[in-house]
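*Asks:* The lines below spell out each chain.
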Amino acid sequence: MTKNLRVKKSNLIDETYKVSFKFNGITYYGYKGDTLASALLANDIHLVGRSFKYHRPRGIMTAGSEEPNAIVQLHNNTSRTEPNVRATEIEIYEGLEASSQNCWPSVNFDVGGINNFLSPVLPAGFYYKTFMWPASFWEKYEYFIRKSAGLGKSPTEPDPDIYEHKYIHCDVLVIGAGVSGIVAAKTSAKNGYKTLLVDEKPYLGGSTIYQNSEHFKINNQISSSWLEKEINEIKKIENLEIKTRTSVAAYHGYNFLLARENLTDHMPLEQRKNKIRHRLLKIRAKKVITATGSLERPLIFDNNDRPGILLSSAIEKYASLYGVACGEKNVLFTNNDSAYETAISLYQKGINIEAIVDNREEIDSKLIKEIEKNNIKVYKGYTVVDTSGYKRINKVSIMQLSKDGQKVIGSKISISCDCLGISGGWTPAVHLFTQSGGKLKFRDEDQVFIPNIYPSDQISIGSCNGDFTLDEILSTVPKTLKEFLNLKKTDYEDLEIKSSFNKSKRNIWLLPSDKVIGKTKPFVDYQNDATAKDIKLALREGFRSIEHVKRYTTTGMGTDQGKLGNMHALGIIAETAGSKMGELGTTTFRPPYTPLTFGTIVGRNVGEYFDIFRKTPIHAWHIENKAEFENVGQWKRAWYYPKKGENMHDAVQRESKAARDSAGILDASTLGKIDIQGTDASEFLNRVYTNAWSKLAIGKCRYGLMLNEDGMVYDDGVTTRLDENHYIMTTTTGGAATVLGKLEDYLQTEWPELDVYLTSVTDHYATVSVCGPYSKKIVSRVIPDLDFSDENFPHMSFKDAKIGKIKCRVMRISFTGEHSYEINVQANYGKSVWEKCMEAGKEFNITPYGTETMHLLRAEKGFIIVGQDTDATMTPIDLQMDWIVSKKKYDFIGKRSLYRSDTIREDRKQLVGLLTENPNDVLEEGAQIVADMNKSPVEMLGHVTSSYYSPNLKKSIALGVVRNGKNMMGQKLIIPMEDKQINVTVADPVFLDKENKRLNA
Amino acid sequence: MFIINCPYCGEREQSEFKAGGEAHIVRPKQPTELSDDEWAEYLFMRKNIKGIQFERWVHTHGCRKWFNVVRDTSNDKIKAVYKMGEKPPTK
Amino acid sequence: MLNYTNAITEEKSYSSLQMKEIKPVMKLVIRGKKREFLSAIGKSLNLLLPTEANTSSRSDKLTALWLSPDEWMIYSNEILNSESNEYETENLLNKNISKTNLGAVTDVTDQFVLINMKGDKIFDLFETGSPFNFNDFRNKKGSVTQTILAKIDVIIHNQNQNEVNLFVRRSFSQHLFSWMNDSASRL
Ligand SMILES: [Zn+2]
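Keeping their order, the protein sequence lines are chains A, B and C. Per the working numbering, the very first residue in the first sequence carries number 1; after that it's consecutive. Per the working numbering, the very first residue in the second sequence carries number 10001; after that it's consecutive. Per the working numbering, the very first residue in the third sequence carries number 20001; after that it's consecutive.
Bound-form chain A, shown alone:
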């Protein structure tokens, strides 16, 4: 590099620590503390990317998170690649690799740049107009649009980094550590409030920390020195937590905020291992102080987007904070005093300034006087009308403004330059305030929106509240804090402040040009390539709502959400439509303030923590015995137990056969279990189940069906009467929590007079279910003290028992149709009981079976599974389960709905059995059922809900719901499949042992 653009030592830059990095494949050097942007500028690189639509060369524009142009891809083609990273925010580290986005084949030669010359045919709404019709062409358009659109590439490999979430509860959250935020945090923490101060930058102090001029003093010290002392003080306060590199992304109601704490992005990759990359802070603050500062506005003129055009404040920041000159021939263009602050700062550092162009006429400003004293030419009442230079600005053309600012007069003057700083005044960063639901008001005198109505316990202070100058801030902020924090006094009562800033400003949203607007490109939204011309076109085409104009022109819809140009868009709309800014309103600022990576949002909810899984007490045995698992609700359930060489079908056929021919054993621990106690327990069951419960004897079990109030089947299960006022209810595996919730709801809100207590004991018990002809022999060996004779222990009854000294409950109930027993034992003994059963059943070929076999066995018996054969549109009548609906009971949940006009319709879908013509054809669950394939359109009568090949019946069986199926017994129907039609006959859903003989076999 021949040019030396490093101008001075800086506190932030460690010149002893050289860092190498790559940009577009070329190695450069910077210093520790540099951002990618400052390091590139130090290497005289302005051109960093291409614009979205026209592929125009674009350069670094800002020095902060509002950057629209300098967005890069990091570590392309690696698992850590990340698109849309702002070069102005990323700190360089050894080994950083960044590349330009949205350009092909390279940023210097980009094929898409042709769009720039085609721009007359790419007006606002171009995509909407061109690609909407005909609809059938969309697929082709989409390919084209997707290829040319998009900013950067998303990674294709899993993210190797760790992200974490953290909840923080504090009394006061201060957002932004500029001069206002520092004053607020210190005041809050010193007065006993648990305070959190966050700032998105790696350093504290905002822009005041490099405000190094005799023109700005506090208590006779230069403002930056004064602030440095304050910062050193707050670091010692115990009650105050400070987090830098922490950007608040979202401000929700009830002072709930999300912030991203960036922990490793500034470190070399090899140092990041096992460290948390980002932490998403979920902050609950009693009070929020927003001190987010303000963003400098650009100025809108023809070709205002060339590389080398930066915000004037950014030029100052690069010079003062990073020690980098953005150019050797600088021109500043302004409508207010800010550019003179920059100019003085540059002058002090020996950076050359060619000229300053000021919209304003003669102004009495100390800053201007100092500049003029140093013989820098100031063009007063002038505007820039054009710039030139394709990949870097090399010239500005200026003309005099008319008195009313509507047009330019006189002749054009050209000034050659390599950098242009623009300053259009300041826009308060009210994004977070409006996200929280705050309402803005428009301040006419300097054309800004400022906070007006606060929706929660919060306050905005400093320049985000419209107080831009040091004297305004330091006289207002302490007063505001006193009131907001209920304080008698602060440390900042009698500060002596010197500020030479003259507040006058000449605001012209769209600067006039010597050309007609159609021939110009005054960019309003740099990232989305929306120009003032586009906005005017939208208005001509009849758009009026600001939200519509935004979407039509795509202004403010980039990853930067138009932080720079939104105000100008509003201004131009207001001027063109002849309405007032304050009445027009603003578009909505939505979270996140700056983009978040998915990793940050997801946190540790990845891999095994993606979802919760529950395990039964017997889980370890299933693992040891090579079970395959299926997810049922949150449970991991044994699905089937393949033996060597078996596939799922083989295993299930073997298990199903064994369960009926000898013995099967199932882990049923996942069933929901609710302990019901109280003197009104029987009455309660009467009200929640469709059948009657009062007469159930102690020690007996009964199957119950539970409906919703709309009459639809909600849950089912067996309930056992343990004692006069004590029942245990079982629910479906998936329904356990919701059933308990629903029952509590009725108890607490509808029937508080009932003396009933419900307690979940699902996890307390392991449930081992043994079925088959040898089940009795097996369980009686495991529990030798219990009399298992049919007389003492008939089907649908229960016994208290003991295995050794361990109490357990044994139920003789069956979900398979076989003679079977369920042993319920305290969970920590469950695995042992299971193993004892396996041991006792060894000689009887006891076979563990999983959920698939369980489903098959119950389907053979026509038992429903709620949620598989029902879907919240099935009444018990639809299920042909009329027998379980009590006619005698006056009321139960859902009863009235069973004879609404809709539920008594004959042609509702009803549950039936289906038998295939070819017994080897197994239907697909979910397949449609039709009667007539020739009818157009084909009428869908229903669908298959359960389907299996039954090894016990040696044929395919299925359950399905069919419109008016009840009356179609024996009728032939068709299941149309992709490659064939399967003929079926409607049958009784009970396929096996209609007489229930096997229960006592």
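Do not rely on the hints blindly, as some may be mistaken.
Just so you have them, the derived chain A footprint on chain C, three or more residues with Cβ under 8 Å [unchecked claim]:
| id | stretch |
| --- | --- |
| 1 | 20076-20085 |
| 2 | 20096-20107 |
| 3 | 20144-20157 |
| 4 | 20178-20184 |
The calculated DSS-like cross-link candidates involving lysine-lysine, where the alpha carbons are at most 25 Å apart (straight line), are [stated by the list, open to error]:
| id | chain 1 | residue 1 | chain 2 | residue 2 |
| --- | --- | --- | --- | --- |
| 5 | A | Lys805 | C | Lys20061 |
| 6 | C | Lys20095 | A | Lys700 |
| 7 | C | Lys20023 | A | Lys805 |
| 8 | C | Lys20140 | A | Lys287 |
| 9 | A | Lys166 | C | Lys20141 |
| 10 | A | Lys742 | B | Lys10018 |
| 11 | A | Lys235 | C | Lys20121 |
| 12 | A | Lys887 | B | Lys10029 |
| 13 | A | Lys441 | B | Lys10077 |
| 14 | A | Lys888 | A | Lys700 |
| 15 | C | Lys20095 | A | Lys799 |
| 16 | C | Lys20099 | A | Lys805 |
| 17 | C | Lys20140 | A | Lys166 |
| 18 | A | Lys503 | A | Lys369 |
| 19 | C | Lys20121 | A | Lys236 |
| 20 | A | Lys439 | B | Lys10050 |
| 21 | C | Lys20034 | B | Lys10087 |
| 22 | A | Lys166 | C | Lys20151 |
| 23 | C | Lys20099 | A | Lys802 |
| 24 | A | Lys695 | B | Lys10029 |
| 25 | A | Lys273 | C | Lys20012 |
| 26 | C | Lys20099 | A | Lys700 |
| 27 | C | Lys20023 | A | Lys802 |
| 28 | B | Lys10079 | A | Lys287 |
| 29 | A | Lys636 | C | Lys20151 |
| 30 | B | Lys10029 | A | Lys888 |
| 31 | A | Lys286 | A | Lys236 |
| 32 | C | Lys20023 | A | Lys807 |
| 33 | B | Lys10083 | C | Lys20033 |
| 34 | C | Lys20061 | A | Lys807 |
| 35 | A | Lys286 | B | Lys10077 |
| 36 | C | Lys20121 | A | Lys166 |
| 37 | A | Lys955 | A | Lys994 |
| 38 | C | Lys20034 | B | Lys10083 |
| 39 | B | Lys10029 | A | Lys889 |
Think of the hints as simulated: they come from the structure by calculation, not from any bench. Remember, it's a predicted structure, so these values are computed and weren't measured experimentally. Note that the Cβ used here is the ideal one computed from N, Cα and C, for glycine as well.
Mind docking chains B and C with the ligand on chain A? Use the hints.
*Replies:* Just chains B and C with the ligand, lined up with the frame of chain A:
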């Protein structure tokens, strides 16, 4: 996400609760006496107000108690919280 | 004889945090609304049930946690013998509460896994997965809360300075313990 002041446990984050819809819809004592329309009124019809709404919440992940909340649905501000069976606040 | 297989077999130790399951510990949920219920419990167990929300009480043998206005959990302070699951306290309460229709008594010994946590990073771990505000809770010995940790329901009992008993349903316990270890490894 709101902070809800459970009348039993105190202030907790919304994620500990579940909403249960409009409050003070009493289940008819004699459903069998009702016409289809009257039953449908109870079963399906809800006001869904923009503004002050009385609604039920349950502290699912805490004390498991149901209670009532007065919430302004236009800005989510909770105006009052009261137990089941208590009279709604008049102001 | 039946073998005893508890849920969490590992003890985990980090520089400022130790976690292990304590078992077997008897746990009962007791429910009741009547005044006589509270006094019957008091007499039977020589233990006053806490009536203030989010608090606990303790006797030599037992600790009672407030769970809701009509629900408490009682757990034994001592470790029991795993060879029997007959609990004296349960039998006593069945006789004095259930049989007299004063309220309900339910054995939840294996419904919940008790994870004992010691060390000064306990609450830092909780903050990575619980929305509950532990600022006051951590300074109040005996305080109790039911909340969510890593999307899982938990009951947390602040036993002592830097010591917490956490109760989680057994089926979730291994998942939660794994999650807690993952989080603890970064504290
Ligand atoms: Zn509660």
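*Asks:* Quick check: which numbered hints come out false for this structure?
*Replies:* none
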